[in-house]
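With the first letter of the sequence shown counted as 1, position 225 gets the number 225 in the numbering used here; the numbers rise by one all the way through.
Each hint should be verified, as a subset may be incorrect.
Said to hold, decoys possible - Pairs of lysine to aspartate or glutamate, DMTMM-like flavour, derived with a Cα cap of 20 angstroms: (1) Lys61 - Glu43; (2) Lys44 - Asp54; (3) Lys61 - Asp28; (4) Lys161 - Glu151; (5) Lys44 - Asp146; (6) Lys148 - Asp62; (7) Lys44 - Asp28; (8) Lys61 - Asp146.
Said to hold, decoys possible - Pair ranges (Cβ atoms, derived): (9) Leu87 - Met1: 42 to 50 angstroms; (10) Ile4 - Val83: 22 to 30 angstroms; (11) Tyr209 - Leu23: 35 to 43 angstroms; (12) Phe19 - Tyr209: 21 to 29 angstroms; (13) Leu177 - Asn18: 18 to 26 angstroms; (14) Ile183 - Asp146: 15 to 23 angstroms; (15) Gly65 - Gln45: 23 to 31 angstroms.
Derived from the structure by calculation, the hints contain no laboratory data. Just so you know, even glycine gets a beta-carbon here, dropped at the ideal spot from N, CA and C.
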Amino acid sequence: MQWILLTLVYIVIMVVLNFIPFLNLVCDLFGSVFVAGFIAAAEKQRTTGNFEIDLLFYGFKDKLGTLVAVGALYLGIYILGAVAAVLVAGFGIVELILASQYGEPNPVLLMDSIPSLIWAIFVFCIFSIVALAFIWFAPALIIINDMKFGEAVSMSLNAVKKNLLGGFLFFLLMGILIVTSMIPLLLGLIITIPMNLITYYTTYRSIFYVSKGNSSEEQKSSLII
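When you get a sec, could you build the whole thing from the sequences and use the hints?
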């Protein structure tokens, strides 16, 4: 219930920011800052058993500049992906979009645009995956392991490359779970959104820390030693 409340606070903040002119343009820059808050709350609960909702704003108190840089990297790659998708699609897609604003687009134009549209979506997905690979583990590495920006994003990318199959299955299952949870009037998202945000921390723990046999002790993996 506490994690659901924390997520609701986060969602309300993001919705409000998106309705404020100009601030909505920089929301993505602070995405990693809020993710750091979820990670800090999860680490606090794991190590002490206590849950502090104000840790949502932990990233604003510590490592703010570095976390914003992570958000800027993600946003930059995302924008490059959008530009690349438009270039791949060509002016036919732009013409289709403009035509659709004034009623039904020409069916011939629509059919001719489908192959280019498929390629554009593919290119955009590749850029989005690369962006996620750079930033997925970065907030945790920055606030827990005290890493600098360059080291954190490089290690995040390296970790994703070493776990491509696991990462693919994880995002596939998470995507299916989120889509399924939207069916009952979106009510399932109350559970799946907190789960998705917490996985920034749980996947970090799974990749960067290993247990010592049957012992409860653990050590850092070779990735961060």
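Hint-by-hint comparison with the structure:
For the given pair, Lys61 sits about 16 angstroms from Glu43 by alpha-carbon distance, which is consistent with the 20 angstroms threshold. Distance hint between Lys44 and Asp54 is fulfilled; the C-alpha atoms sit about 12 angstroms from each other, no more than 20 angstroms. For a cut-off of 20 angstroms, the pair hint linking Lys61 to Asp28 stands: about 18 angstroms separates their Cα positions. This hinted pair checks out: Lys161 and Glu151 have alpha carbons roughly 15 angstroms apart, not beyond 20 angstroms.
Taking the CA atoms of Lys44 and Asp146, the gap is about 16 angstroms. The hint holds against a cut of 20 angstroms. The straight-line distance between the Cα atoms of Lys148 and Asp62 is roughly 13 angstroms, inside the 20 angstroms bound, and the hint therefore holds. Proximity of Lys44 to Asp28 is assessed by CA-CA distance (about 25 angstroms); at most 20 angstroms being required, the pair is judged violated. Proposed proximity of Lys61 and Asp146 is supported: the alpha carbons are some 14 angstroms apart, at most 20 angstroms.
Between Leu87 and Met1 the C-beta distance comes to about 47 angstroms, which sits within the given range of 42 to 50 angstroms. Distance hint check: the CB atoms of Ile4 and Val83 are about 38 angstroms apart, inconsistent with the given range 22 to 30 angstroms. Remark: the range hint 35 to 43 angstroms for Tyr209 to Leu23 is upheld by a beta-carbon distance near 37 angstroms. The given range of 21 to 29 angstroms is broken by Phe19 and Tyr209, whose C-beta atoms sit roughly 40 angstroms from each other.
Taken as a hint, the range 18 to 26 angstroms holds for the pair Leu177 and Asn18, whose Cβ atoms sit roughly 25 angstroms apart. Separation of Ile183 from Asp146 is about 42 angstroms and departs from the stated range, judged on CB atoms against 15 to 23 angstroms. The hinted window of 23 to 31 angstroms between Gly65 and Gln45 holds, with their beta carbons roughly 26 angstroms apart.
The structure shown violates the earlier hints numbered 7, 10, 12 and 14.
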